[in-house]
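So the protein lines, in turn, are chains A and B. First residue of the first sequence: 4, per our numbering; consecutive thereafter. First residue of the second sequence: 486, per our numbering; consecutive thereafter.
By construction, these hints were calculated from the structure, which means they are not laboratory data. Please read these numbers as outputs of a predicted model, since none were measured by experiment. The reader is advised that the hints may include incorrect statements.
[To be verified] If we take Cβ atoms under 10 angstroms as the criterion, some of the chain B residues that face chain A in the derived model are:
(1) 515
(2) 518
(3) 536
(4) 553
(5) 604
(6) 675
(7) 679
(8) 702
[Unchecked claim] Beta-carbon label-pair distances, calculated as ranges:
(9) A:112 <-> B:716: 33 to 43 angstroms
(10) B:543 <-> A:320: 43 to 53 angstroms
(11) A:80 <-> B:552: 39 to 49 angstroms
(12) A:241 <-> B:627: 56 to 66 angstroms
(13) A:144 <-> B:538: 13 to 23 angstroms
(14) B:553 <-> A:305: 25 to 35 angstroms
(15) A:300 <-> B:552: 17 to 27 angstroms
(16) A:167 <-> B:510: 25 to 35 angstroms
(17) A:185 <-> B:660: 20 to 30 angstroms
(18) A:120 <-> B:757: 46 to 56 angstroms
(19) A:180 <-> B:627: 48 to 58 angstroms
(20) A:241 <-> B:680: 44 to 54 angstroms
Don't be surprised by glycine CBs; every beta carbon is placed ideally from N, CA and C.
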Amino acid sequence: MSNGALGAPRLPGSQPLAKPRIAVISARRESLLRAGDSRIADQIFYIAMLACGATILALVVLIVFELITKSSLSWHAFGFKFFIASEWDPVNDKYGALPFVYGTLISSLLSLLIAVPLAIGTAVFVTELSPRWLRNPLAFTTELLAAIPSVIYGLWAIFVLVPLLRQYVQPWLAKYFGWTTLFEGPPYGIGMLAAGIILAIMILPIISSITREVMTAVPQQQREAVLALGATRWEMIRTGVLRNARAGILGGIILGLGRALGETMAVTMVIGNRPEIAKSLFAPGYTMASVIANEFSEATGDTYLSALVEVGLALFLVTIIVNIFAQLLVWSVTRGMPARSNG
Amino acid sequence: MADKEHKSLGMPHAISLYRRAANSLVVGAAGLAVFLVLLPLGAIFAYLVYKGIGSLNWAFLTETPKPVGELGGGMANAIAGSVYILLIASAIGVPVGIGAGIFLSEYGRNRLGNFIRFTADVLNGVPSIIIGIVAYGLVVLSQHHFSALAGGVALAIMMVPTIARTTEEMLLLVPIQVREAAYGLGVSRWRTTLSITLRTATSGVITGVMLAFARVAGETAPLLFTAFGNQYWNWNWGQPTAALPLQIFSYAISPFDEWHRQAWAGALILIVLIVISVTAVRIAAGRGMLRGAN
Numbered sequence: 004m005s006n007g008a009l010g011a012p013r014l015p016g017s018q019p020l021a022k023p024r025i026a027v028i029s030a031r032r033e034s035l036l037r038a039g040d041s042r043i044a045d046q047i048f049y050i051a052m053l054a055c056g057a058t059i060l061a062l063v064v065l066i067v068f069e070l071i072t073k074s075s076l077s078w079h080a081f082g083f084k085f086f087i088a089s090e091w092d093p094v095n096d097k098y099g100a101l102p103f104v105y106g107t108l109i110s111s112l113l114s115l116l117i118a119v120p121l122a123i124g125t126a127v128f129v130t131e132l133s134p135r136w137l138r139n140p141l142a143f144t145t146e147l148l149a150a151i152p153s154v155i156y157g158l159w160a161i162f163v164l165v166p167l168l169r170q171y172v173q174p175w176l177a178k179y180f181g182w183t184t185l186f187e188g189p190p191y192g193i194g195m196l197a198a199g200i201i202l203a204i205m206i207l208p209i210i211s212s213i214t215r216e217v218m219t220a221v222p223q224q225q226r227e228a229v230l231a232l233g234a235t236r237w238e239m240i241r242t243g244v245l246r247n248a249r250a251g252i253l254g255g256i257i258l259g260l261g262r263a264l265g266e267t268m269a270v271t272m273v274i275g276n277r278p279e280i281a282k283s284l285f286a287p288g289y290t291m292a293s294v295i296a297n298e299f300s301e302a303t304g305d306t307y308l309s310a311l312v313e314v315g316l317a318l319f320l321v322t323i324i325v326n327i328f329a330q331l332l333v334w335s336v337t338r339g340m341p342a343r344s345n346g
Numbered sequence: 486m487a488d489k490e491h492k493s494l495g496m497p498h499a500i501s502l503y504r505r506a507a508n509s510l511v512v513g514a515a516g517l518a519v520f521l522v523l524l525p526l527g528a529i530f531a532y533l534v535y536k537g538i539g540s541l542n543w544a545f546l547t548e549t550p551k552p553v554g555e556l557g558g559g560m561a562n563a564i565a566g567s568v569y570i571l572l573i574a575s576a577i578g579v580p581v582g583i584g585a586g587i588f589l590s591e592y593g594r595n596r597l598g599n600f601i602r603f604t605a606d607v608l609n610g611v612p613s614i615i616i617g618i619v620a621y622g623l624v625v626l627s628q629h630h631f632s633a634l635a636g637g638v639a640l641a642i643m644m645v646p647t648i649a650r651t652t653e654e655m656l657l658l659v660p661i662q663v664r665e666a667a668y669g670l671g672v673s674r675w676r677t678t679l680s681i682t683l684r685t686a687t688s689g690v691i692t693g694v695m696l697a698f699a700r701v702a703g704e705t706a707p708l709l710f711t712a713f714g715n716q717y718w719n720w721n722w723g724q725p726t727a728a729l730p731l732q733i734f735s736y737a738i739s740p741f742d743e744w745h746r747q748a749w750a751g752a753l754i755l756i757v758l759i760v761i762s763v764t765a766v767r768i769a770a771g772r773g774m775l776r777g778a779n
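Looking at chain A on its own, in the form it has when it is part of the complex:
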């Protein structure tokens, strides 16, 4: 039936003759018939879903557009010097973002230094060493760390971690490792060290879960082959598993880095919020994300606001590049794996 209706308009010059026998009831019904069963509905559905998908593209374009237009004032005023000047003086409208860049980099690297060994150790234990019944509960518990909101980490850090650091850890570090000049100055508790530790706790789950994922992607035969050659458990893990999964593990680490760079609340609450570049990890610092969090809603003056948005633009670009790089690394290992639901 629909074939006749479909064929009709395709014959040029013979429209009156080829008209279907169903009389024209209404223009709308005719168009429905001609379009086949529910082709129009299908078209509309497709367009609606396409619109939803395109929203994602539009959002990213919108973010880039907003950040670039709103920061142009600061860009024109300071140019590239914005990122090498270290003076942040809203009163005199002079802005340099170096202390924030420094604080973000140091706190993130410090957190990686702490989190990476722990995360890989946990992943190795969960996937290779732990008894089978313990695997899922352990994986679930480490993932629970990821569900705790940033602000609660911050709250805990202020009232538990910082006093602990001030009273016990920092004096001890100063006494035995003071010679490295990394642990100098009065032990406030609050500062770069506290920020690094709390960030490490926060990025642990992501690194650990991706490491687990790429380790399970290594074929079982690899393990059996290495074991059959007489390797110990550790040698099997090292040569059979870790070596094959290293690109993916690196990807997980870099994803963790991306998370640490953009993390805002917990860091803001413990880093001390002082735009200074200090070598000591005991000293307070400031990060790109926390300066935006603290000063954006109070920023008076267009240049001030624009400078903050420019800090945001820089943060955005850095996290995007880091994330894309990490994603590609993880894909290089897990690609071709069937979709897994829950471990």
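Fit chain B to the known structure of chain A by using the hints.
Just chain B now, with coordinates in the frame of chain A:
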């Protein structure tokens, strides 16, 4: 060569002391790592429950904040505000996210689909504070007001990519034969997608939605300069609105003991809400999400 193999086969003790020591060392270190990871988790939960329960009372759940210096008062308006903002966010973010997921799984096996998939992953990695700036520029500047709507928009932007990707993953788990059976009965494509494919994957899709919801429920950074916070009740979407995470933040960094106490109570409420939704998701997902299909 053959000799050597024979030897080690005959004598398992031929594994050198060094290799055995390295093995035990690593096993021990991995165990220690697990312990060190679980330690802060336990510490946070224990302290949260200890401090939070001590500070929870009826007034906390029913009253608005008292001025500085006065004891008592609560976060009722912040709890309600959070729910309000999350409802706005879900109303915007969930349909768009599911729609995008449908597009990716049903129409997205091509270049455009790959590009959108990639962009969704990029959007997922954008720091939440940046999303706040964008929502500020988009809503607050045009309304000339901090508002619940702006907060909702910010959280919705964060929900969309997560929901889209999990929805896609869940829809792809529905076997192609299920779709073909529907087509064979003459059911149109859109009808198949909505009533057969999406229906089959419902519990998986809900899992994704809940995870996205739990993720944004505790977000503070994007609300700082969108919803902004409020000391009083507010049900107007065009006005500044209190939110639980915001209230916890401002109380935590304040110098008053009474406010610290309330920050702990608020944190307990927040974490209980999130843990309940995440655990519910685990249970629902564990019950076999494709029961209809198998």
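Checked hints:
{"no.": "1", "hint": "515", "verdict": "holds (4 angstroms)"}
{"no.": "2", "hint": "518", "verdict": "holds (3 angstroms)"}
{"no.": "3", "hint": "536", "verdict": "holds (8 angstroms)"}
{"no.": "4", "hint": "553", "verdict": "violated (19 angstroms)"}
{"no.": "5", "hint": "604", "verdict": "holds (5 angstroms)"}
{"no.": "6", "hint": "675", "verdict": "holds (3 angstroms)"}
{"no.": "7", "hint": "679", "verdict": "holds (8 angstroms)"}
{"no.": "8", "hint": "702", "verdict": "holds (7 angstroms)"}
{"no.": "9", "hint": "A:112 <-> B:716: 33 to 43 angstroms", "verdict": "holds (40 angstroms)"}
{"no.": "10", "hint": "B:543 <-> A:320: 43 to 53 angstroms", "verdict": "holds (49 angstroms)"}
{"no.": "11", "hint": "A:80 <-> B:552: 39 to 49 angstroms", "verdict": "holds (41 angstroms)"}
{"no.": "12", "hint": "A:241 <-> B:627: 56 to 66 angstroms", "verdict": "holds (58 angstroms)"}
{"no.": "13", "hint": "A:144 <-> B:538: 13 to 23 angstroms", "verdict": "holds (22 angstroms)"}
{"no.": "14", "hint": "B:553 <-> A:305: 25 to 35 angstroms", "verdict": "holds (33 angstroms)"}
{"no.": "15", "hint": "A:300 <-> B:552: 17 to 27 angstroms", "verdict": "holds (21 angstroms)"}
{"no.": "16", "hint": "A:167 <-> B:510: 25 to 35 angstroms", "verdict": "holds (28 angstroms)"}
{"no.": "17", "hint": "A:185 <-> B:660: 20 to 30 angstroms", "verdict": "violated (58 angstroms)"}
{"no.": "18", "hint": "A:120 <-> B:757: 46 to 56 angstroms", "verdict": "violated (32 angstroms)"}
{"no.": "19", "hint": "A:180 <-> B:627: 48 to 58 angstroms", "verdict": "holds (53 angstroms)"}
{"no.": "20", "hint": "A:241 <-> B:680: 44 to 54 angstroms", "verdict": "holds (52 angstroms)"}
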